[in-house]
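Same order as they appear, the protein sequences are chains Z and W. Note that my numbering gives residue 71 to position 71 of the first sequence, counting from 1, and the numbers run on in steps of one. For my numbering, add 1000 to where a residue sits in the second sequence, where the first one is 1.
Treat each hint with caution, since some may be false.
Claimed, not checked - Which stretches of chain Z does chain W cover? Using the computed rule of at least three CB atoms under 8 Å from a CB of chain W, they are:
1) 4-12
2) 45-52
3) 55-63
Stated by the list, open to error - With a cut-off of at most 30 Å between alpha-carbon atoms, the simulated BS3-like pairs for lysine-lysine come out as follows:
4) Lys1008/W / Lys38/Z
5) Lys1008/W / Lys25/Z
6) Lys18/Z / Lys1008/W
7) Lys1021/W / Lys1062/W
8) Lys1053/W / Lys25/Z
9) Lys25/Z / Lys1007/W
Note that these hints are calculated values from the structure, not bench results. A virtual CB, placed ideally from N, CA and C, is assigned to each residue, including glycine.
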Amino acid sequence: MKHFLDITNETCPMTFVKVKLQLAKMDAGEQLEVLLNKGEPLENVPRSCEEQGYKVLSNEPTDHGKHLILVEK
Amino acid sequence: MNIPTDKKKISIVCFSGDFDKMVAAFTIATGAAATNREVTMFFTFWGLNALKKDKGHIAMGKSILAKAFNFLMGGLNNLPLSRLNFFGASPKLMSMMMKQHNVATLPELAEAAHALGVRIVACEMAMKILEVEQSDMIEEVQDVVGVATFLNDSENSHIIFI
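Working from the sequences, and respecting the hints, build out all of it.
Set out below in structure tokens:
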């Protein structure tokens, strides 16, 4: 099952917090698509996911300077 | 899931009950917990106000002095700004500005800290002075501890004093 989370309107620390809480609700093997802004969220959200043992499957730029990452729990 | 077992630890001493400093404390706490750190927040002195179950101006304690102090200090909804407080108007204006800029407000940050499992402990000594009981505080307070317990628990932690 694939979940989606848009954190482009969030600021630190809620960017990480929302991703962490969403991942906590999911089962192992499920995927989460996260739409995020460049800068702090793009630099740190994928890294913190990997540090917690999750797999970042893709990281692609979208329109208007945003990025879409796909994380597997 | 492959989560590392040697989690980094952070302990935050919440001494100041100022609105802006509590925002800073909860921002660091939630940011750290969301990035896989083990976080403890130790509330002492003025910081205890942020843990009171009644978030407004309520007298608590047995002695007249404790009742007066607790009434005047209030709870999470009455924390003063450390500068330019303007008799309590500024924290409300600041919360409005935080909402306008999509920045999490203090109650939202506190809620996130609880959801992320940040460990909340209260200082036994400060509670004794201010005559605040554990039953006067929010249920998320996991323990009432002294400084020795806090230091033991924080043995391999970064300690931040706010």
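Against the structure, the hints:
| no. | hint | verdict |
| --- | --- | --- |
| 1 | 4-12 | holds (count 4) |
| 2 | 45-52 | holds (count 3) |
| 3 | 55-63 | violated (count 0) |
| 4 | Lys1008/W / Lys38/Z | holds, 27 Å |
| 5 | Lys1008/W / Lys25/Z | holds, 23 Å |
| 6 | Lys18/Z / Lys1008/W | holds, 20 Å |
| 7 | Lys1021/W / Lys1062/W | holds, 29 Å |
| 8 | Lys1053/W / Lys25/Z | holds, 28 Å |
| 9 | Lys25/Z / Lys1007/W | holds, 21 Å |
Hint violations for this structure: number 3 only, all remaining hints satisfied.
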